[in-house]
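Chemist: One letter stands for each residue in the lines below.
Protein chains: 2
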Amino acid sequence: MPGDTQIVPFPSINLDCGQTLAPVEAAYETYGTLNAAKTNAILIVHAFSGDAHAGGPGGWWESMIGGGKAFDTDKYFVICTNVLGGCRGTTGPGSIDPATGQPFGMNFPVITIGDMVRLQKMVIDHLGITRLLSVAGGSMGGMQALEWAVAYPEAVASAIPIASTARHSAQQIAFNEVGRQAIMADPDWNEGNYYGQKLPGRGLSVARMVGHITYMSDDSMREKFGRRQRDESMFEVESYLRYRGSQFVDRFDANSYLFITKAMDLFDLTAGKTTLAAALERATTRFLVISFTSDWLYPSYQSQEIVNALRRRNHDVAYCELRSSYGHDAFLVEVEEQTDLVRGFLASTLKGRR
Amino acid sequence: MPGDTQIVPFPSINLDCGQTLAPVEAAYETYGTLNAAKTNAILIVHAFSGDAHAGGPGGWWESMIGGGKAFDTDKYFVICTNVLGGCRGTTGPGSIDPATGQPFGMNFPVITIGDMVRLQKMVIDHLGITRLLSVAGGSMGGMQALEWAVAYPEAVASAIPIASTARHSAQQIAFNEVGRQAIMADPDWNEGNYYGQKLPGRGLSVARMVGHITYMSDDSMREKFGRRQRDESMFEVESYLRYRGSQFVDRFDANSYLFITKAMDLFDLTAGKTTLAAALERATTRFLVISFTSDWLYPSYQSQEIVNALRRRNHDVAYCELRSSYGHDAFLVEVEEQTDLVRGFLASTLKGRR
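Chains as they are written, first to last, in the working numbering: chain A, 1 to 354; chain B, 1 to 354.
Among the hints, erroneous ones may be present.
Below, in silico cross-link-like pairs of lysine-lysine (DSS-like), each with a Cα-Cα straight-line distance of 27 Å or less [as the list claims (entries may be wrong)]:
{"id": "1", "chain 1": "A", "residue 1": "Lys-69", "chain 2": "A", "residue 2": "Lys-351"}
{"id": "2", "chain 1": "A", "residue 1": "Lys-75", "chain 2": "A", "residue 2": "Lys-121"}
{"id": "3", "chain 1": "A", "residue 1": "Lys-224", "chain 2": "B", "residue 2": "Lys-69"}
{"id": "4", "chain 1": "A", "residue 1": "Lys-121", "chain 2": "A", "residue 2": "Lys-69"}
{"id": "5", "chain 1": "B", "residue 1": "Lys-273", "chain 2": "B", "residue 2": "Lys-69"}
{"id": "6", "chain 1": "A", "residue 1": "Lys-273", "chain 2": "B", "residue 2": "Lys-121"}
{"id": "7", "chain 1": "B", "residue 1": "Lys-224", "chain 2": "A", "residue 2": "Lys-262"}
{"id": "8", "chain 1": "A", "residue 1": "Lys-224", "chain 2": "B", "residue 2": "Lys-351"}
{"id": "9", "chain 1": "A", "residue 1": "Lys-262", "chain 2": "A", "residue 2": "Lys-224"}
{"id": "10", "chain 1": "B", "residue 1": "Lys-69", "chain 2": "B", "residue 2": "Lys-121"}
{"id": "11", "chain 1": "A", "residue 1": "Lys-224", "chain 2": "A", "residue 2": "Lys-121"}
{"id": "12", "chain 1": "A", "residue 1": "Lys-121", "chain 2": "A", "residue 2": "Lys-273"}
{"id": "13", "chain 1": "B", "residue 1": "Lys-273", "chain 2": "B", "residue 2": "Lys-121"}
{"id": "14", "chain 1": "A", "residue 1": "Lys-262", "chain 2": "A", "residue 2": "Lys-198"}
{"id": "15", "chain 1": "A", "residue 1": "Lys-198", "chain 2": "B", "residue 2": "Lys-262"}
Ranges between beta-carbon positions, derived for each pair [said to hold, decoys possible]:
{"id": "16", "chain 1": "B", "residue 1": "Asp-231", "chain 2": "A", "residue 2": "Lys-273", "range": "17 to 27 Å"}
{"id": "17", "chain 1": "B", "residue 1": "Arg-242", "chain 2": "A", "residue 2": "Lys-351", "range": "50 to 60 Å"}
{"id": "18", "chain 1": "B", "residue 1": "Gln-229", "chain 2": "A", "residue 2": "Glu-281", "range": "23 to 33 Å"}
{"id": "19", "chain 1": "B", "residue 1": "Asn-308", "chain 2": "A", "residue 2": "Ser-233", "range": "44 to 54 Å"}
{"id": "20", "chain 1": "B", "residue 1": "Asp-231", "chain 2": "A", "residue 2": "Glu-281", "range": "24 to 34 Å"}
{"id": "21", "chain 1": "A", "residue 1": "Asp-16", "chain 2": "B", "residue 2": "Arg-311", "range": "53 to 63 Å"}
{"id": "22", "chain 1": "A", "residue 1": "Tyr-195", "chain 2": "B", "residue 2": "Lys-198", "range": "49 to 59 Å"}
{"id": "23", "chain 1": "B", "residue 1": "Ile-96", "chain 2": "A", "residue 2": "Gly-18", "range": "29 to 39 Å"}
Stretches of chain A that chain B covers, calculated by requiring three or more beta carbons in the stretch to come under 8 Å of a beta carbon on chain B [claimed, not checked]:
{"id": "24", "stretch": "137–148"}
{"id": "25", "stretch": "170–180"}
In short, the hints are calculated from the structure, not lab data.
Remember, it's a predicted structure, so these values are computed and weren't measured experimentally.
From the three backbone atoms N, C-alpha and C, an ideal C-beta is built for every residue, glycine too.
My request is simple: use the sequences and hints to build the entire structure.
Modeler: And the structure:
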């Protein structure tokens, strides 16, 4: 972890599954300065394989966070936490289970997007912030932003779900399941008990390769690789996927892959409600919803479902489908247009239209 | 193999890689009766995991082959061969290498779509047929149909490539590569030496799961599975994929998976030519090209590239993009509209417009 990541311990957290994790730790980073009134705080929520290191050199959203950037640290106090179940400082399946003195492994409780948000709320409370100016994130980050708006409407003035959904489709579940099966098919996974031993790197690598295909578009893969060959027996795209797969093994925990993807699949904002509009009834936040034309993993229709549901309840929502050839990765890559949208949205939220 | 599958041995076949396979066997089935003039023969070419058993009970294209069906066996003599490199009767990596007395495994030579077609031509010659009325197939079958038109223009009056392409895109190569890596990541794969031992079933199963997702569409998965749960811990779509994956292990050889997908990736009708139109210059066959609106694995634009190239050379080509929600699987499922198209096209080909 980068040196700027801080860890805050809490005595316990109650989970949606009924279990309690005690103790629990959350890793987070902050950028910029919290104003005296504590009204300029923005929570950045990360996608599946992200971490608390969103801003600064090497941060996964470095292009969007910083002085003069979309999330302008000259104006705003930006916070990013590693999600519950993660492997980058926050308690996850690789953490020590106090009951056994061993890593949780598959004994880690089933977690939800709601649990992730609950822990984030504890971090925000710990920082003395009662109301966030905004919660923003792409992909699984967008799910967390939506969950914030519904779970803690009084604690968040605006939400920016990008390239996201209110619930996974069968296809999205299917791709996650392939990744999980690839990991569990690796004998080194050993029912989740591999800590301190050989890691299930082959399975995790295959899982990541599938992921990478779904993050790109047909067009962006054509532009980047085409049918170019690396050597006589290998296409460039094969070499790239193998590299990205093996690289992932060094920074991500296979059990976190299992638990976090499951949390994504289980997420359903409409659960227990008749419609998505009814589910969003409680939200009092402003929304900026963004999707990308070539994103086939989180297609625009999923963002439009959210927008339509919000409009049905007369919520304050702006929606923009940005033209991009980068597929799902666009939320990490398309900086300029996102910056324009986010900057204006945050400024108007700060001006009191919240 | 069904009882109707016949095996024809040949002394040898020269391969594109420069090697020779000697001997080589081809599995094939036939349906209907060859007329005296031998002018009513149609070759059906199968997709990646197909076999010679195309027609009759349980045949993979049973809905399209038979009396009164699209490939009407009351009129036509229909032939289907298992491809070279396969595992359903035709010589493949699971066959005995005469040099060692052991299965070839990874010592099997790299094969191409051209090699598959060369062996099919040997079968056709063996049957005493000098000119096929048509060559038809979906997906990898479409590649073979195109290859036939270019390699043996004098021997084929018409070709019907369905849901296919003149060359794989980076995305198509990428999905195949994930399947290959899943297989090779399985320790039971053992560098391809698993015959008579434990099969690399976990890897092959994961590979097949990826395949199944790409064969369906977002819509068809939603319709078939939605977010329905099989039990508390499993979505229906997960259960389905696991089942289809494990089922595949019983009928398909992992090494055939490696060699056949590689042949698909290597296929490039434009190789050594400046344009696809130039590559299709030699073809003298009539074409019926079919694609499906929801097929994102072999998108319509790939069929349209073929059609445009043929039109540029003033070839006789009919093209139809059929509306379907079934994704790539549509070529196996959308019987009615394909039947109309194929029936008319074959009749006019038989009438001498060839």
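Chemist: Does each hint fit the structure? Answer for all of them.
Modeler: Structure-based check of all given hints:
Distance restraint check for Lys-69 of chain A and Lys-351 of chain A: the Cα-Cα separation of roughly 18 Å lies within the 27 Å cut-off, and the hinted pair is therefore satisfied. Of the supplied pair hints, the one linking Lys-75 of chain A and Lys-121 of chain A holds, its CA atoms being roughly 22 Å apart against a limit of 27 Å. At most 27 Å may separate the alpha-carbon atoms for a hinted pair to count; Lys-224 of chain A and Lys-69 of chain B exceed this at roughly 44 Å. For the given pair, Lys-121 of chain A sits about 25 Å from Lys-69 of chain A by alpha-carbon distance, which is consistent with the 27 Å threshold.
Only pairs whose Cα atoms come within 27 Å are accepted, and Lys-273 of chain B paired with Lys-69 of chain B is rejected, the gap being roughly 38 Å. A C-alpha spacing of about 61 Å is found between Lys-273 of chain A and Lys-121 of chain B, which places the hinted pair above 27 Å, so the restraint is violated. Note on Lys-224 of chain B and Lys-262 of chain A: the hinted pairing holds, with a Cα-Cα distance of about 20 Å set against a maximum of 27 Å. Pair hint Lys-224 of chain A plus Lys-351 of chain B does not hold up; C-alpha atoms about 47 Å apart against a cutoff of 27 Å.
At roughly 31 Å between alpha-carbon atoms, Lys-262 of chain A and Lys-224 of chain A are farther apart than 27 Å, so this suggested pair is violated. With a C-alpha separation of about 25 Å, the suggested pair Lys-69 of chain B and Lys-121 of chain B falls inside the 27 Å cut-off, and the hint holds. Taken as a hint, the Lys-224 of chain A and Lys-121 of chain A pair is broken in the structure, with Cα atoms around 40 Å apart against an allowance of 27 Å. Taken as a hint, the Lys-121 of chain A and Lys-273 of chain A pair is honoured in the structure, with Cα atoms around 24 Å apart against an allowance of 27 Å.
With a C-alpha separation of about 24 Å, the suggested pairing of Lys-273 of chain B with Lys-121 of chain B holds against the 27 Å cut-off. Between the alpha carbons of Lys-262 of chain A and Lys-198 of chain A the distance comes to roughly 24 Å, so the proposed pair stays at or under 27 Å and holds. A C-alpha spacing of about 31 Å is found between Lys-198 of chain A and Lys-262 of chain B, which places the hinted pair above 27 Å, so the restraint is violated. The beta-carbon spacing between Asp-231 of chain B and Lys-273 of chain A, approximately 23 Å, falls within the hinted interval of 17 to 27 Å.
Between Arg-242 of chain B and Lys-351 of chain A the Cβ separation comes to about 53 Å, which falls inside the hinted range of 50 to 60 Å. Between Gln-229 of chain B and Glu-281 of chain A the beta carbon distance is about 25 Å. The supplied range of 23 to 33 Å therefore holds. Separated by about 32 Å at the C-beta atoms, Asn-308 of chain B and Ser-233 of chain A break the suggested range of 44 to 54 Å. Between Asp-231 of chain B and Glu-281 of chain A the C-beta distance comes to about 30 Å, which sits within the given range of 24 to 34 Å.
The beta-carbon spacing between Asp-16 of chain A and Arg-311 of chain B, approximately 59 Å, falls within the hinted interval of 53 to 63 Å. Between Tyr-195 of chain A and Lys-198 of chain B the beta carbons are some 27 Å apart, a value that contradicts the proposed interval 49 to 59 Å. In this structure, Ile-96 of chain B and Gly-18 of chain A break the distance hint of 29 to 39 Å, their C-beta atoms being roughly 58 Å apart. For the stretch 137–148 of chain A, the stated coverage by chain B is violated: 0 residues have a C-beta nearer than 8 Å to a C-beta of that chain, whereas at least 3 were required.
Only when three residues or more bring their CB closer than 8 Å to a CB of chain B does the claim for the stretch 170–180 of chain A stand; here the count is 7, and the claim holds.
When the structure is compared with the earlier hints, violations turn up for hints 3, 5, 6, 8, 9, 11, 15, 19, 22, 23, 24 and for no others.
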